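> Below, each chain spelled out in residue letters.
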Amino acid sequence: MITRRNLIKTGIAGLALPLASAKIINAAETLFPERFEKPNIRWVFLVDTRKCVGCGLCVKACKHENEVPYDTNITRTWVERYILTKDGQVFADSPKGARDGFIDKKINLGEKGSRNVKDEDIQKAFFVPKLCNQCESPPCVQVCPVGATYKTEEGIVLVDRDWCIGCAYCIMACPYGARFFHPVHKVAEKCTFCYHRLKKGMKTACVEACPFGARMIGNIKDPDDPVTKIIMMERIAVLKDEYGTSPQVYYLGISKEVR
Amino acid sequence: MTPLEVHGEVWTLKELFTYPNEYIYWTLQIVMYPFMTGLVAGAFVLSSLYHVFGIKQLKDMARFALVFSFALLPVAPMPLLFHLQQPLRNHHVFMTPHFTSAIAAFGLVFATYGALVAYEIWFVYREHLVKTALSLRNKADKTMSEKIQYAINNLLTFGAYDISEEAIKRDEKAVKILAGIGIPIACFLHGYAGFIFGSVKANALWMTPLMPVIFIMSAVVSGVALCMLTYIVTMELRKIFAARKKSARSYLSPDEIKSAEINEIRLTSKYLILFMIFAISLELLDLIFRGYTAVKSWDILRSVIYGKDFVNIFIMQYLVGNLLPFAMFLLPGLTIRRTVIGTLLVLFGVFMMRWNVVIGGQSFSLTFAGYMHYVLPVIPHNIETYKEGVLGGLTVMATPYVLFWMLNKIFPIFISEGSH
Chain G
527 MITRRNLIKT GIAGLALPLA SAKIINAAET LFPERFEKPN IRWVFLVDTR
577 KCVGCGLCVK ACKHENEVPY DTNITRTWVE RYILTKDGQV FADSPKGARD
627 GFIDKKINLG EKGSRNVKDE DIQKAFFVPK LCNQCESPPC VQVCPVGATY
677 KTEEGIVLVD RDWCIGCAYC IMACPYGARF FHPVHKVAEK CTFCYHRLKK
727 GMKTACVEAC PFGARMIGNI KDPDDPVTKI IMMERIAVLK DEYGTSPQVY
777 YLGISKEVR
Chain S
670 MTPLEVHGEV WTLKELFTYP NEYIYWTLQI VMYPFMTGLV AGAFVLSSLY
720 HVFGIKQLKD MARFALVFSF ALLPVAPMPL LFHLQQPLRN HHVFMTPHFT
770 SAIAAFGLVF ATYGALVAYE IWFVYREHLV KTALSLRNKA DKTMSEKIQY
820 AINNLLTFGA YDISEEAIKR DEKAVKILAG IGIPIACFLH GYAGFIFGSV
870 KANALWMTPL MPVIFIMSAV VSGVALCMLT YIVTMELRKI FAARKKSARS
920 YLSPDEIKSA EINEIRLTSK YLILFMIFAI SLELLDLIFR GYTAVKSWDI
970 LRSVIYGKDF VNIFIMQYLV GNLLPFAMFL LPGLTIRRTV IGTLLVLFGV
1020 FMMRWNVVIG GQSFSLTFAG YMHYVLPVIP HNIETYKEGV LGGLTVMATP
1070 YVLFWMLNKI FPIFISEGSH
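Residue numbers (my numbering), protein chains in the order written: chain G, 527 to 785; chain S, 670 to 1089.
Note that these hints are calculated values from the structure, not bench results.
Note that the structure is a prediction, hence the values are computed from the model and not measured.
Don't take every hint at face value.
[Said to hold, decoys possible] Below, a sample of chain S positions facing chain G; criterion: calculated Cβ distance under 7 Å:
1) Leu682
2) Thr765
3) Thr769
4) Lys811
5) Met813
6) Ser814
7) Ala871
8) Leu1035
9) Thr1064
Heads up, the beta-carbon is just placed ideally off N, CA and C, and yes, glycines get one too.
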């Protein structure tokens, strides 16, 4: 007998199967499939710290290319200098992001002035270039309240200058100190791996500017890419792994003192 | 041409090894934000003690706290607007909320809470609104101010003129339900402010699941303290007016006011002590746990907590802001004067707690090898140093009192006829 209860019961059961196979169809995707193809690209960066001499040409090039006001201290990329003494002390600095290169042996201690370490007291010293890690799970994207910062399909994290409200939550969320406020646009600003250049088939400004090949950019999805090959074959490290961000800037020759 | 000013550079002094882009980005206004929302939530919880749990002695205080909570409400987002680099884009939070962000929920939580408090006030004051409107309606020659008063009261009744005993009973029930729903929402409003900080994994000082709970407890402490203080101030003013003339509104003599006042205060102070114990216990638990587990960040945290910020944390917050008022409220024979000093110290203590979280959390570098010192701008030299300086903070602090004064014109806090 068909009761109301029975009808609803069988109705739900009968509808469940055909509905389960249903799929939402995007008309545009059906008509122009080429526009919806996901690029087979994931941009990653490789820094060989053993080749870096701290000249700062990468920082200069970046500031010019990306119109980050030249005389300000903020910068999309920077170089850090580490000096380890024989008695186990660690000193580090990055004055003006090393825009002018490390031309002085004095270590910059900010408000504490500067400090001289005699050459004979130095155990080892090295330079570490830094930039946005274009994390696989970027905390900055997670915390943006308006979705103004987002990850592109190529894995690069960008900021929409027309939508950012300037709350600084993303700046707080980044464990690498990669973000800051642009003094002209008054919105969050960061390294984009020179996305505008990559789109045209060019390399980033800092990679082009480095005279020693310490900076490299590549597509990790391409097994023939020289950068991919190094990442696969060599012993590499990333920065601040413990935050669970899966950073995509890989380092060769890094030391445990690097922050 | 003067060099471009980088946001944060004016008030940040950097020491030892810090990253080039690091500054103190969250300043005084972000200290004000949890402080103000804490007051909102705390005042509401206090009013609910009467409405929900039927603590009859708190009747006077409850009505007061409710209206005060409503006056504080619009002030809670004010510090955020002062802080945003693009304040005119604030509506983006409502238009495109990005729900993986703790801040994105702000619009929803805040609007829900605001609506709830507005409803509750309406039910509490409906009888008064109707009576005022009806008495003015029948008056023959109204003055201009009476005309305005009539228009406002008449509008706010929304046509619900029924004040039979049955209708009033229903109102009371509605108030009780709303206040009941309101407690978890008030706690959520503030707990969520704590979540904004507690979930920042990049910040070693902020990241703890205790943060929301600590924030709720200190919120209630500050809300109750401010209600007590403002209550005393208004009662003292009424005493002065009552002594000077037979005020039309007040039917009580100065002595009657005085005895009512101290009774309310003594009872409320017991709740204040209770919530203070919760707040302090949680904060100490957090501190002990960090020291005991001593993870990678502990070295720099220890140098900040026991070194650079020692005076701010242990002297200003714990000693002056917690221990001292705690002893003052516990000693027998609580007087009005002692209460005033005690509540002021409690408010100061909670403010310092917010300060030590927000500013303290940024006083060490992400490198764990350097420090940043915050220099609070006192005399502004541009819009930014006004907004994020002493004057901006004072603007935010003063606004609820202006609103409270205006709200009191419509919803008089002290009406002697039997309302809820």
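> Determine for every hint whether it applies to the structure shown.
Hints, one by one, checked against the model:
The beta carbon of Leu682/S is positioned within 7 Å of a beta carbon in chain G (closest approach about 5 Å), and the interface hint is therefore held. The closest approach between the C-beta of Thr765/S and any C-beta of chain G is roughly 5 Å, which is under the 7 Å cut-off, so the hint is satisfied. The criterion of a C-beta within 7 Å of any C-beta in chain G is met by Thr769/S, whose closest approach is roughly 5 Å, and the hint holds. Interface restraint check for Lys811/S: the shortest CB-CB distance to chain G comes to about 47 Å, outside 7 Å, so the restraint is violated.
Checking Met813/S against chain G: minimum C-beta separation of about 43 Å lies over 7 Å; hint violated. At its closest, the beta carbon of Ser814/S sits 42 Å from a beta carbon of chain G; the interface hint therefore is violated under the 7 Å criterion. For Ala871/S, the interface hint holds, the least distance from its beta-carbon to any beta-carbon of chain G being 4 Å, beneath 7 Å. With 7 Å as the threshold, the beta carbon of Leu1035/S comes within range of chain G, its nearest partner Cβ sitting at about 5 Å, so the hint holds.
At a threshold of 7 Å, the smallest CB-CB gap from Thr1064/S to chain G is about 20 Å, leaving the interface hint violated.
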